Each structure stands twice: as C-alpha cells, then as structure tokens.
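Student: As a plain string of letters, each chain reads:
2 protein chains.
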Amino acid sequence: MKIMIMGMDGYLGWPLSMYLTERGHEVSGIDNMTRRKTVTEIGSWSATPIKSIEERLAAYKKASGNDLTFYKGDLSESSFVDLAIRKEQPDCIVHLGEIPSAPYSMIDVNHCNFTQMNNMVGHNNILFAMKEHVPNTHLLKLGTMGEYGTPNLDIPEGFFEIEYRGRKDKLPFPRQPGSWYHLAKVHETWNLMFANKIWGISATDVMQGVVHGLNTPQMVNDDLITRFDFDEVFGTAINRFCAQAVVGHELTPYGKGGQTRGYLALRDSMQCFTIAIENPPKEGEYRVFNQFDETYSVNDLAERTSKVAQEYGLEGKIWNIENPRLEAEEHRYEPDMKHLPDLGFKPTMSLEEELHITIPKLMEYKDRIEAKRESIMPKIKWTN
Amino acid sequence: MKIMIMGMDGYLGWPLSMYLTERGHEVSGIDNMTRRKTVTEIGSWSATPIKSIEERLAAYKKASGNDLTFYKGDLSESSFVDLAIRKEQPDCIVHLGEIPSAPYSMIDVNHCNFTQMNNMVGHNNILFAMKEHVPNTHLLKLGTMGEYGTPNLDIPEGFFEIEYRGRKDKLPFPRQPGSWYHLAKVHETWNLMFANKIWGISATDVMQGVVHGLNTPQMVNDDLITRFDFDEVFGTAINRFCAQAVVGHELTPYGKGGQTRGYLALRDSMQCFTIAIENPPKEGEYRVFNQFDETYSVNDLAERTSKVAQEYGLEGKIWNIENPRLEAEEHRYEPDMKHLPDLGFKPTMSLEEELHITIPKLMEYKDRIEAKRESIMPKIKWTN
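Protein chains in written order, with the working numbering: chain S, 1 to 384; chain P, 1 to 384.
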C-alpha cells in the first residue's frame, strides 16, 4: 500500500514510517520540523539525541536497505500539500502533523491562535487536496481521547443513540475538551465529519490515549531512535515521570492525581495504526476508534513508575504538586474500546514491561535530561 | 452602559449602534470593512447605496447629535484588539465582526481557511483581551441557529439533560453544522464555553435565525441606511427573494424548499440584542439564547414574499431550482425559544408587515439590483 505520513519526523511519525515500511508498505512523508522548533522555543530538547531528518533517512537506508520519500514543507500551505498529495497518490494518509501540546496552546493568545490555526489549516488543506486528487484514499487522522473530556457518562466511540423528549436520534457524542489544543482537535473532528458528508472522504478518526515508551524493534541503532520529550510542555505523564526518576527529581502528579486517562505503549500505538490502515473503512465511511490499552489514574502511574525505577537504584519519590490545569481531579472515566479489538488488536506490552525498557534506556541520556531539568516543573497555568 | 460593537459597519452592527445610542448607551465599535471587500470580491454590492463609515458617522452626528467612537482595524490582530478594549473598558462587547456567509466559505480551500481563521482568531483575540483588561464584562456573541443543523430531536437552548446507559448528565447539545462557515461558528461556541470555564468570562451566546428587512426607526435619512445584500453569497432567503421580486427575477427556493429555519425581522433582532445587553448574565455565567421569531419553510417564505410583491405590481413568480447545497430538504425543525420571551421579548413585526416595508423601499434601488443581477443565481456548489 502507498502510505503518506504527515508529521514523519515526530515521536510517532518516525517509528511508524519504519514500522510500515518493514511490513512491505511504500511510505512517504511530510514534516516542517515544527516540533523541533517549538521544543527549542520553550527551552528544552529531546532526551534522546535525535538525528536530523536527513541523517535519519540515510541511517535507515543503511540499516534496512529501505527508502523513505520525504517532503520538507508546511501543511498550512495549501499549494504545497496539494502538490505533494497529487504527486504521491497515496492509498492512505496518516495525519500526525500537528502541534500536540495542551500547555503550549495555553501560554498566551499567540500560542493559542498558532496551535488552533496551524492544526486546523493543515487538516483543511489535506481534506481539500484529497477531494481534488485522491477522493477514494483513506484518511487516518490522529485525534485524542482528550476530546471527550470527563463526562459523567460512559464514553462511546464517537457517536451515541439517545432518546430526548420521547424522540430518538444517533448523534455525535458531545465533546468537552480541556485546552485550546484539545479544542482544535475537536474542531478538526467536526470539520472531518463534514468533509466525509459532502465529499464522501473515507476516514478513521483515532481518539488516542497518551502514548509512552521510546523503543520499537526498528530502532536497531541510536541513529534511528525517536524523540522523547520530558518538559512540562511536550512531555506527557509516564514519559515525564520516567525522566524525573532518572535524574533524581520527584515524580510530580498534578493536584490530587485522580485524573484518569487511557494509555498505550509506543509499539502498540504502531500496531493500532497498522490495523486501521490495513482494514480501511468502507467507501465513504467515517468511523471513530478509541485507541488505548488500559486506563490509569496519574497517581497510579506515578506509583508504578516509582516501583520500576527503584529496581534500577533510582529513588522515585512522589510529590503531588499544585495542579497548573483546570480539570476534574477525581471523576468517572469509562470509555468504550471495542472497534480495534474487533479488528484484532491485542496489546503486546504491559505498562510494567514498557517501563523496564524505557527507564534503563533513558538512563543512557541522563546528562541530557539533567541539562534541561528546569523545563520539567510546570509554569504555564490554565487560569492565568 | 458602555457598549463596544465588533463589526460596527455591518448589516446588523450599524443599525444596532444607532439603536443602542438612542437608548442612552455609550457606543464604540470596530470594523475593518471586510464585508464591503468580500461583497466586491464576489462581484456584487449592497442594494442600498450605503455611505462610507466616515460619512455614516458624520451623518448620524448631524441627524441625532450623537457621537459614535469608531476604530478601524482588524480583529485578527491581537495587539490592536487588546489596545481598543483596554482603552474603551466596555461593560458589554457585542461581537458581530465575522464573515457571515456559508457559500463564501465553500468557494475553495482558501475561502474555507480564511473564513474559519478570520472568525476564530478574531474571537480568540477578544476573549484574551477581555480576560486581561475587562474580566467582568459581558460578551454578547453572535452565533447562528445553523450551528444545530436539523437533528431528529427538539433543539434545546444550548444544553440538554440526557440519560445514557442508565446514567444522567447535562451536556452541550451536539451540533451538526452544514458549511465551513457554520462549523467555525460551532468551533467558537466551544472556545467560548472553555473561556467561560477557565476565566469566568460572562457570556450570552446568541443562536440567531435568519434576519430580514432593511429599516429601523433610526434610519431617518438614506445616509443612515444599512447594507442589503441580495447575491447568492451574502444574500439570505427573504432578502434575496425581495430583491428578485423587485427586478422581475423568479424567486428561487433551493431544491424541494422544505428547508425550515427560524427568521427574525431586523428591528426585532435589535430588540433581542438589547434585552440581552440590559439583562446581562450573572457573573461567570454562560448562557445560550435561541433568537428568532417564527420558523418557516423556504417555500412558505417564497409564497409569502410573492403575495406581498404582487400588491406592488410585481410578478413574484416562484421557481424551485436545483439545490447547490447538501442539506435535508424535508425535515423536522422544533427549536426551543424561551429565554428571550422570559426576559420580555415580544416580536413587533410580522413577516408580512416587514415585507410591506422592505419591498417598496427596495423598489427605490431597483437599478442597483438590476446592475448586479448576475450575482443572484447560485454557482457555488457544496459537493464540488
């Protein structure tokens, strides 16, 4: 299959490019290095010393014999997106090419606008180019479980059937996102449903949980490793806890730590994307996959991380700090997750197994985390 | 009360500025003339020969003795919005300053992006400036009944209580908008709910029906008249039918003509806004008003317009043409409308009364409509 990956240079995009290539797919991709720039902007870097995209492509060619086709450019430029999609004629487009940070979007008005506009315009440009050149191609779009928020109801996969004042209808489940970034993801979900309605674009809208870990079988040497963010802006819960443990920093759940979310190991994220790609929707179908393995509270994660860290001689002290976000710290969380298992998804890595890979690997990069230690503690506040 | 009107030069903004001033409020406003430019871009103009904003302000001063404070500038520039709001310190901001056209947003990728970005960024900039300088000010934001779409359920005012799998919650009613423009309105509704949640911004989110008519008591001479669009892009159902009747063009409902929407006379729109302004929400409250008078099908509107047109010697022939839009042409439509009547809203103008004002007034401008007759029939198609 010809697959085009938007955001090829990212945390997920880079390992997915290699993973899909080894499964025999022909992979191309786009990136404009926004992630590298924004992490630099906020004063941090990847714990792993990632190579430039050019070096990565060469290293992968050398290690595997495989070629990846790469286009450097900005998804928010419609003519560029149009040209690249027209040229590649992919069977599937995997859209991971967005700014993925809630705190980044909460810095100020300019970061709010940049996150919403960059992400939405890039997505719109892909939709219009698909309509024009590859109307039957499958769009696999990365959304987030955070789109749903934490309602006092079970969370279905995208839609629910309800009765209201004696009448029934099947409607999109109301989203209650918790940051300007999460809002943009919801806006894109709505835009995508509309593109599906008017043009019949086939799509899988993936509501992914928080991904953790830094290793996949394709990373046979360090030139092929993916990025690993640990700062307050781009580092997510488990990954940040691992980095904290490695440099002797307290593990810092925010607030009471009862916030519960779905989580997924990096290599199982690859598995899920691959299942969706190789089992595409029907022509003109729009489907929503909730994509995670297990749900955990933040306190639970901190405790599990701490326990594994101690096996490696690390202290792993836990310190619940003031929550910079405005969010429920104790709440119900019962999301459905049936569509992917129905297609064969079986998690291969337990949280503990993944932690046993991540923590020792990360200890090799202790100095890099130490050098940007200041970027870990939260300074961006939701109510400011 | 100090009131700031975003979009002061527009169809609603201009008459509302005069209306509120005569009620004793101190009115300022912003506009960057986007509406004039976009109507020119698509090859049309206002049926009424409106004056420049500078001439309008002078004419209003001369006619009433009242001053309006005007800032020319772009709401999508955050520093400008910040400065103007800081300087004015309004008690209420009425946000009408957006591109208001579904067809315009459907022209191509650039018009889609421009509509969504212009409208969302302007709205974000207002929210951030309010948080910074006037956190207790009331934001009266213009949304549209079109945000809801046409579900097979009653349409509540913003929220509904539902039971799902045995559990209850009060949730935002799911929106199913029908154009890139309507989608942007929904995105802003979500952004506004979030600003209310994190910063306590008090807001009235107005889901307004289609406004028609061209006259308010403040338009004592033609220098004070508001714009009146009749082209396929900016002209809405009743107004376009009136213009068609005046130049002997068939009245053209789209498709089967069973599309049903809420409608409101221009002067009753002024009344509704005033009620919301003078009965502000509680501190930190976010409320949704469905704002219309009666619901009509498009066929019904065409027949009513035709009947009144015939009284003025016009033919008023009706011709149901192919629908350029993708929308249900026969559907249930039962929206609630209780919040405004609870605060005292009483419609003053029936549809027929308003038609008896609009059609003869418009006959004075027959030549201007004739000159842009080519702009009336739809060329922008939803599925293209």
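In short, the hints are calculated from the structure, not lab data. Mixed in with the good hints there might be a few duds.
A pair holds if it fits inside one copy or across any two, identical chains being indistinguishable in the list.
Unchecked claim - DMTMM-like, lysine to aspartate or glutamate: derived pairs with alpha carbons at most 25 Å apart:
id : residue 1 : residue 2
1  : K170      : E330
2  : K51       : D222
3  : K72       : D154
4  : K168      : E327
5  : K366      : E278
6  : K282      : E327
7  : K51       : E161
8  : K317      : E278
9  : K170      : D154
10 : K197      : E329
11 : K61       : E285
12 : K170      : E353
13 : K379      : D108
14 : K131      : D108
15 : K361      : E26
16 : K62       : E311
17 : K256      : D169
18 : K307      : E26
19 : K170      : D300
A quick note: this is a predicted structure, and the numbers were derived from the prediction, not measured.
Student: Looking back at the hints listed earlier, which ones does the structure fail to meet?
Tutor: Per hint list: 3, 5, 7, 8, 11, 12, 15, 16, 18 and 19 violated.
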